[in-house]
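Here is how the chains run, residue by residue.
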Amino acid sequence: MKMGLLTDPSVGHGALTSIFVRHHNRFCIVMCIASVALFCMLAHYSLSSQTYFSENALLPGLVKGQLNDNTGSSFRDHYRELNAEAEHFETETPHSYLISKFKNLRLETYSHNFTLNYPLKKNTKYTGRNVYGILRAPRSASIESIVLSVPYRAPSSVFPSTLPGLAVMFQIAQFFRHQIYWAKDIIFLVTEHEQLGMQAWLEAYHGTSCGSPGVLDSGKLSGRAGAIQAAINLEIHSEKIDHIDVKLSGLNGQLPNLDLVNLAHRLCNKESVKHTFNNVDGGAIGRNKVNSYYTNLSTMLSMVMTQATGVPDGNHGLFHRFGIEAITLEGHEKEGRGIYSSVLQVGRVIEGMFRSLNNLLERFHQSFFFYLLPSTDRYVSIGLYMPCLVLLVGALFLKAFSTWIQHSSEQKQGDSSAKATIPEHLNVGMVSVITLGSHVVGLLLLPNLAPAYFTHFWNYMPTHRALLLGYGLLSITIVCILPIILKKCLNSFISSNWVLLHVICLLELGIGLLCVSMHNFSLGYLTALVYVPPALCTKSSQTSIIIKFFWLLVHPMCSLFWITAYITYTAYPELPIIDYLTKVLEASGQWMVLSTVDNMIYGNWAFTVGVLLLLPVWTEFWCLMFLPTIVSKKMKTE
Amino acid sequence: MSSKSLWLLFIFIGSSYSETYSEELFIKPLATGYVYSFFQFTVIREDDSFKHSTLFPHSLGDIIDRFHVAELNVDLTSGLWKHKSWGYPAVDAPSGAEISARFHNDTQDVDKHWYGLTNALSGLLCTSLNFINSANSYESSADRVYRYSNLPRENVCTENLTPWKKLLPCDSTRGLSSLLNSGRVHNANYHSLGIHFRPLCNAGKCKYELRQTVSLVYDSIFISFNNNYDWSLRKMFGTGLFKTCPLADYSKIYLDTSSNSSVPYLISQEPDYVLKNNIAVYNLNGIFHLSAIVPRPKIVVSELRPLLYTDRFITGFGQEYGGLVTRIYNDHKSPIIATVIENIPWFLPIYYHTLKVTSNGIRVIPKALIYKPGKGRVRIYYLEVVLELAPRSVTEISVQFDYVFLKWQEYPPDANHGFYIGSAIVKATIPRNATSLTFDKSLIIDNLNSAGDNYLICLKTENFIITLPTPDFSMPYNVICLACTVVALAFGPIHNITTKKLKLTTAKYVPGLASVAQKLYVLMETIFMLKTKKTGKPASVKVFTPEELSYHPTLGHVSEEFMKNKGS
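Those protein sequence lines, which keep their order, are chains A and B. The first sequence maps to residues 1 to 638 in our numbering. The second sequence maps to residues 639 to 1206 in our numbering.
If you are wondering where the hints come from, they were derived from the structure by calculation, not from laboratory data. From a predicted model like this one, the values you see are computed outputs, not experimental measurements. Hints may be right or wrong, so weigh each one.
The list that follows gives simulated cross-link-like pairs (lysine-lysine, DSS-like), each with its CA atoms no further than 27 Å apart [to be verified]: (1) B:Lys-804 <-> B:Lys-689; (2) B:Lys-845 <-> B:Lys-689; (3) A:Lys-220 <-> A:Lys-125; (4) B:Lys-914 <-> B:Lys-971; (5) B:Lys-971 <-> B:Lys-722; (6) A:Lys-125 <-> A:Lys-64; (7) B:Lys-722 <-> A:Lys-103; (8) B:Lys-1065 <-> B:Lys-1079; (9) B:Lys-914 <-> B:Lys-890; (10) A:Lys-103 <-> B:Lys-873; (11) B:Lys-1013 <-> B:Lys-750; (12) B:Lys-689 <-> B:Lys-750; (13) A:Lys-548 <-> A:Lys-487; (14) B:Lys-1065 <-> A:Lys-220; (15) B:Lys-994 <-> B:Lys-1013; (16) B:Lys-750 <-> B:Lys-1010; (17) A:Lys-103 <-> B:Lys-936; (18) A:Lys-220 <-> B:Lys-994; (19) A:Lys-220 <-> B:Lys-971; (20) B:Lys-722 <-> A:Lys-220; (21) A:Lys-270 <-> A:Lys-64.
This is chain A alone, in the form it adopts within the complex:
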C-alpha cells in the first residue's frame, strides 16, 4: 500500500488518540476558553511577581541626587532662553542656537543632516538636522556611552511641547560636565521630525540602513562615542509635572530590559515623583501601594494594545533593534492646583539613572526581555503568558490532527470497498496551486511593491485614498470572484472533502501565529483571538453560511476597518453616521499609508505580517469554503 509512506498506519488507534479525535471540538472550545481565562488571570496578584533588580552593578539610588539650581544657570534661565529662541522659529528647529548652547556647555558638538526620499511619491524629499553634544568621560577611552535624547518640537507642532525637557537636558548637561566620576561618555541628542530624526541618527551611528534601500539617506556622523549601552528619551511637557509616564514599547513590539524599567520606577519612587506605566497605573508612590485587579488588568491590556501595533510609542523604541536598552520618560502637565513634582525632582531621577548606568560593567543582559507589566512594580514572565497563546494554537493543531486522523480512518474503511487512490482523493495538485497562488498574491502586495504602483496609477488622488482603493478593490475582487471561479471551473476536481487544504490552512495559521508571537506576543495573541475561532469552526466540506459570513467579517481589510471604526468612535462619539463612516474610511487609508511608510523607513513588519500571513491564510480558507464538494450519504445520515 502506498499510504504507509505518508502516514504511519498504526497511528490513530490508541485509546487517547480516539478520545481526542472523537471529542476534538469540545477540547478546542475548552482550550480557547482556558486561554482567555488564563490571560485575564495573568493580571492577578498571584500570577504576577514583584519586580527586582537582576543586575547588581546598577546599585540604584545608592547616592544622593546632587543636581541643583545653585551652580551655573538655573533651569529657569535655560527655559526662558529656550522659549525666546523657539518663538523666533515657528516651524523650524533653532540649530545654530542649539549648537552654540552645547558648545557653551563645553561639550563636543556635532550636527547631522539627513534626507528622506518619500517612498510613495517620486522626487519628494524632506531634510532634517539633528544636533548632539558628547560629554567625554575623563580617563576613559570613549568605548562606551549613554544617550539622553529629546525630540525637538517647534511651537507649531501638533504634539505637546518638549521644551521643558530640553531645558532639563541643558541643566543636566551643565551639571554632568562638572562631575569627574563618569566612566562612559554621555551623548546629549536633540532630534528633529520625531522618530524620523532618531532613526536617521541611529542608522548613521551604526552605518547601516534598516528600511528599504534609498528611502532614508541617513548621512554621516563625524563624532561617535563607542558602543551605546542605554538610552533615555525625555518628553517633559511642563514645568509642573503631575506624573512621569514610563514608556517602553518599541518597534515591532520589542521591549527594553526589565532592569532599566525597574530603575526608572525605583528612582521615581526615591525622588517622590508620581510615576505610571501607560498612564493607567494609578501612580501611587511607595511600597504600600495596592492596586485593584481591574487596574492591573487595564494596565496590562493597554500594554498589549500598544505593543501589538508594533509602532514605538516614543523615540526610545528605535534603539532596541541595535541592542540598546531605552525608555521614554514622559512628564505630563499638572493641570489645576495641587501637589506637583518640580522639574528639579525629575532631573534628579535622570541623574540617578545615569549614575546607575555609569556603574554598569556589562551591557544589560541579566533581567527579562520578554514580559508583560500589570503594574509599575509587578511583571508577568514569558513562561506564564506564553501558555495562553499555546492553548489557542494548540487548538488549531488538535483540529488539524483530528481532521487528518478522521479522514485517514474513513479512508481505510472505504479502501476495502471503493479503491480510491490517494492523489485523486487529496487533490494535491489543486491544493498546491491554491496555496501557492494565495501566497504569490500576498508577496505582490508587500508594502515595498504594490503601494508604489497604486499611488503611481491613481496619482491624481491623495496617497491614502489611492492605497485604500487599491487594496480594497483587490480584496473585493478576491472575495467575489474566487467563489464563482471555484464553482464554475473546478467541477472536474469535485471531491467529498478537501482535507489536505484544510489541514494546511490550520497548520499554517498555527505556525505563523507562533512565529509572530515569538517576536511580538501581543500582536500574535490578538490575531489569534480573532482568527482562531473561525478557523476552528470551518469544516473540510460544506461549511455553513454563518461561518462564511463570519470569515468575511474578519478579512484583514475588514478587521482594519473595525479597529479604525472603534478608535474613531472613542475619539468622536457625536459624529453623524455619514461623516463618521467617511472619517473611518479616510482613517483606514491613512493607517495603511503609515504602515507602509513605517515598513519602508523603519522596517516595521506589522503590514508584512498582514499581507504575508493573514491574507494568504484567509484566502485559503475562503477557497476551502467554496470548493465544490459532493455530499456523501454517510455524512448525510450523520
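Starting from the known structure of chain A, fit chain B onto it as the hints suggest.
Frame of chain A, contents of chain B only:
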C-alpha cells in the same frame, strides 16, 4: 644650578662613561580649555654595553642587553587622545598598553627574544605585557626583526607609575619628577607613560638615547574650580617645584603661549627667555611655581582641527556580521601619503573581497596593499594600506567581518562587557610647519629649534568594544550550582551504600566440599584412632549448624557456647 652640584656632575661625567641626563617639562594650554603637559626625562649614553651605568637605569639596561634589543617603545595609556580637540601629542599612544621593539639584525630567534622581552618588561613595569603572544602581536611587513603589539584592555594605574619612576636617576624625590604624584596623574583626563629607547647613529658613531615621557591632559573645569581656563602647577600636580635634580644637565620648563593670541592671559612669572616668539623658557633652579589666569573666551572653541585626523568605528547591528570603517580626514591643501596598518584580532575574521577604499565617496585604488590573513587563535589579520590622500578629502577604508563563536573557556569573566579591539595606526609625513611642535629629536629644546621639511606623524585611532555572541553564562552557572548541590547531597549516602557492604559475617555453617572432607577426615581419624588408641585423643573441632549460632552485637553470629563463655 649651584656650583657644588655642577662639580659633582663633572666628576660623574669624568669618571664614568659619558652619560647625560636632562629633565624637561613642556606645557601647552589649549584653546579648547585643556592643558597639555609633557614631561621628558632623557638619558643619552655613548657606550653600547649596559653592564655598567651611572644614570641609565640598570634594570632596563640588563633587559636591553639580554634580549638584543636595538629599539624599544613602551607606552601605558589611560584615556583617548582626541586629535580633534587637542591637536597632536608629543608621543601618540593608544589607550591601554602598546609595545614595539626592534632587535639587532643578527638575532636568530626573534620571537623567543620578543616574548622574553615582554615578560621581563611586564615584571619591571607591573603590566600585563606577559599576555602578549602570537595571537596579538605582529611583525612588520618590511622588517624581520620588528615586533609590535598592543593590549587595549590594559588598565594603567599607580602600580605602573611607581616602578616607572624608579627608573629615573633622581627617582621622584627631586626635580620635575617630584610633580608626578600618582593621585594627580591618574585624575587627569588623559595620561600616558612612555619608555622610548633608540640608537642615534651618525656616520657610524652611535649614541643611545632613553626617553621617559609622561603626557598629561587636564581639563580646566576640574582644576580651576571656576568657569575660567585658569591653571597652575599646583592646581595640576598638587605641588610646586622645590628642588631640582642635581644629576640633570638641563632642567627646563617650556610654556607654549600660542593660544595667548586668541585669549590673552596672565602668567605669574616672567620667562628667562622666549623662543620663536611664543615659547617661554624657564630654567629651573630651586623653588619654582607657575600659574596662569586665563579668562573664558567669549566664543568657545571646541575643535582645533589638525591637518590629519582619523575616525574609526564598527558598523552594523546584531551579532552575525558587521563592518569596520576607518576614516582619514585630510584638511591639507596638498595630497599626503599615508600608511594605514590595521591589526584585527583573529576573532573578527574579515572578508578581504569586501575591502573598499573610497575617497570622498569615489572608489580609489590604494598605492600598495599588504594583507596577511589571520588564523584562529594563532595570528591576527594584518592589513597594511598605503594611500595617497587627496587634498581636503575624507578617505574611508571599510571591510566586512563575521562575529565568531568562541569556545566557552575563551570568554572573559565579564563576557557581556564586550571584546576590545585595538587601535589602527596611521603613519603620514606632513609638512613640518603644519604642526606647531615636533618631537622627533632627543631633547625638547632641540625640537623647538628644529627646522626641516617633513615630519613623520603616527596617529593611533580609538579602541572599541564589540559584543560577540555570548552564551547565557548565568544559566550554566545555575545548573552547575544545582548539580553540585545534588551531587554533594547524594554523595554521602551513595558512598556509604556502595562502600559498606551489608552482609552477615562470622562462622557460618557451610555445607560444602570442605566440610564433607572435614567430616570424612574426622571419621577416618576415629577409625584410625580405634586402631591406635595409644596415641591419645586430639582436640575435637566442633562444627556448628545455623540453629546453634546466636547473635553478638559486634561480632555477629557466634556460637551459643561462645556467648555463654562471654557471659560468664
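Hints, one by one, checked against the model:
{"no.": "1", "hint": "B:Lys-804 <-> B:Lys-689", "in the structure": "holds, 19 Å"}
{"no.": "2", "hint": "B:Lys-845 <-> B:Lys-689", "in the structure": "holds, 16 Å"}
{"no.": "3", "hint": "A:Lys-220 <-> A:Lys-125", "in the structure": "holds, 18 Å"}
{"no.": "4", "hint": "B:Lys-914 <-> B:Lys-971", "in the structure": "holds, 25 Å"}
{"no.": "5", "hint": "B:Lys-971 <-> B:Lys-722", "in the structure": "holds, 18 Å"}
{"no.": "6", "hint": "A:Lys-125 <-> A:Lys-64", "in the structure": "violated, 48 Å"}
{"no.": "7", "hint": "B:Lys-722 <-> A:Lys-103", "in the structure": "holds, 14 Å"}
{"no.": "8", "hint": "B:Lys-1065 <-> B:Lys-1079", "in the structure": "holds, 18 Å"}
{"no.": "9", "hint": "B:Lys-914 <-> B:Lys-890", "in the structure": "holds, 16 Å"}
{"no.": "10", "hint": "A:Lys-103 <-> B:Lys-873", "in the structure": "holds, 25 Å"}
{"no.": "11", "hint": "B:Lys-1013 <-> B:Lys-750", "in the structure": "holds, 20 Å"}
{"no.": "12", "hint": "B:Lys-689 <-> B:Lys-750", "in the structure": "holds, 22 Å"}
{"no.": "13", "hint": "A:Lys-548 <-> A:Lys-487", "in the structure": "holds, 15 Å"}
{"no.": "14", "hint": "B:Lys-1065 <-> A:Lys-220", "in the structure": "holds, 25 Å"}
{"no.": "15", "hint": "B:Lys-994 <-> B:Lys-1013", "in the structure": "holds, 22 Å"}
{"no.": "16", "hint": "B:Lys-750 <-> B:Lys-1010", "in the structure": "holds, 21 Å"}
{"no.": "17", "hint": "A:Lys-103 <-> B:Lys-936", "in the structure": "holds, 11 Å"}
{"no.": "18", "hint": "A:Lys-220 <-> B:Lys-994", "in the structure": "holds, 17 Å"}
{"no.": "19", "hint": "A:Lys-220 <-> B:Lys-971", "in the structure": "holds, 23 Å"}
{"no.": "20", "hint": "B:Lys-722 <-> A:Lys-220", "in the structure": "holds, 17 Å"}
{"no.": "21", "hint": "A:Lys-270 <-> A:Lys-64", "in the structure": "holds, 10 Å"}
Violated hint: 6 only; the structure is consistent with all others.
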